[in-house]
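Engineer: Let's have the full structure, built from the sequences with the hints guiding it.
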Amino acid sequence: MNEYNVFMSLIGIGIGFVLAYWMKGKILSQKITDAESEGLSLVADAKQRSEKLLKEAEIEAKDRLFKMKSEFEAETRETRAEVKKKEKWLLQKEENIDRKNESIEKRERETVRKEKKLLKKEEEIEQDKLKYNELVEEQKKQLERISGLTSEQAKELLIRAMENEARYEGAKLVKRIEGEAKEEASKKAKNIIATAIQRYAADFVAERTVSVVPLPNDEMKGRIIGREGRNIRALEAATGIDLIIDDTPEAVILSGFNPVRREIARIALTRLISDGRIHPARIEDVVKKVGHEVEAVIKEAGEQAAFDLGVHSIHPELIKYIGRLKFRTSYAQNVLQHSIEVGFLSGIMASELGLNQKMARRMGLLHDIGKAIDHEVEGPHALIGSKLIKKFGESPKVVHAVAAHHEDVPPASVYALLVQAADGLSGARPGARRELLENYIKRLEELEKIANSFKGVANSYAIQAGREIRVIVESGIVSDEESILLSKDIVKKIEEALTFPGQIKVVVIRETRAVEYANK
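According to our numbering, the stretch in the sequence shown is residues 1462 to 1981, in order.
Just to be clear, a hint being listed does not mean it is correct.
[Said to hold, decoys possible] Cut-off 25 angstroms, straight-line C-alpha distance, at most; resulting in silico cross-link-like pairs (PhoX-like, lysine-lysine): (1) 1858 x 1636; (2) 1858 x 1819; (3) 1848 x 1636; (4) 1516 x 1528; (5) 1682 x 1750; (6) 1858 x 1910.
Worth flagging that the hints you see were computed from the coordinates, not collected in a lab. Small disclaimer: the values here were computed from a predicted structure and weren't measured.
Structural biologist: This is the structure we're talking about:
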């Protein structure tokens, strides 16, 4: 029984496996069938879509092709029109070239014809020249035979006669031209200079930098020197100035190249002497205080100078340099006073000539600013000053006028010449500058010596403090016309041999004296 049950169970299990396998196959077959039908459907749909896309792409391609064809045809039409236009232009140009070629060929033929004609004329001229030379030679021989002179001797006589005649005519012409020019120029120059001097009247004081400090007594020298020289060393170290204490009674000499420092030392020493308290600490305090005071005086002097001349917008540093000129002298003439004077004279002359008066005054005020630092910087003060004002933004015209006022560079403007003239007027007027008596006498002697070195000069006299020389010539040797040339030669030699401020007038005097004696 149990075996039967087991057998039936096994049969049931087998039938279950068979049924399950059959159901699985059936389900799988159904899925495959569904998948195939779905795949066919998808393929059909994809085919339909691809056909639709192909049709759309074909239509779009046809549209693009049509559009490109239209554009190409339009461009082709434009290109053809342009090509036709260029062809027409080239044809016209070709016709013009042909016409020009014909004209050139015609000119060439004309040129060849003229060259042949010129060659023929040249041959004729050569033949005429040969004939002329033969005639000249024949005339020379006849002249030599008649005059008894050779051609070289006759030529020399002729040249000498022509030279004398030319010198005489030239002197007369020079005299006439100079007379006419001087008549007009002298009037204008005198008027301008006279007006300038008349309108500017400066008080003249022979200012100079004081380098000697008076002492109340000689005992003060010992107090200034101090124990073991400590006071004098402290004073020299604080001011940068050398103190010379010698046998000069009741005086101390201050020596130094910097005029501002020398002024500080002078004032400081004067205060120390009046105060009586002289020791290193006190010296340093007084020198420092005086330094500030002098700086203020310098600034005030520069501002006052600019205000007096009506010159504005000058850099503050340049104002200080201008003020420093208050303590600088040149030939005992105060440089600041001289600069103000040159500014006024330049402005007045510029006004008379219709030029910019303010610019001329500015140039005159700044022309000697290089002297404020020429003891510190090497070179001519005119070039030093021009570089200094250029550094502080002055205009090129002002820089050039300052550089050219002593002709360290050639003057290239009317303003530069005006500053030169004003500088000469201010420095050369009587009493403006001092010079040693020995140099003065030596210059007068050299002036007369130069005049006496010329042939025909009887005597010469330097007058007007060397500003004029009168030359007496012998009337039998020097003619009226030659006296003009002689004055020019003397002027040239004076300019080459001598150095002098301003100008020197040369007057050549020629006279004929007739002397007879009445006897009984």
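Engineer: Output the numbers, in ascending order, of every earlier hint that fails for this structure.
Structural biologist: Checked against the structure, the hints that fail are numbers 1, 3, 6, while the rest are satisfied.
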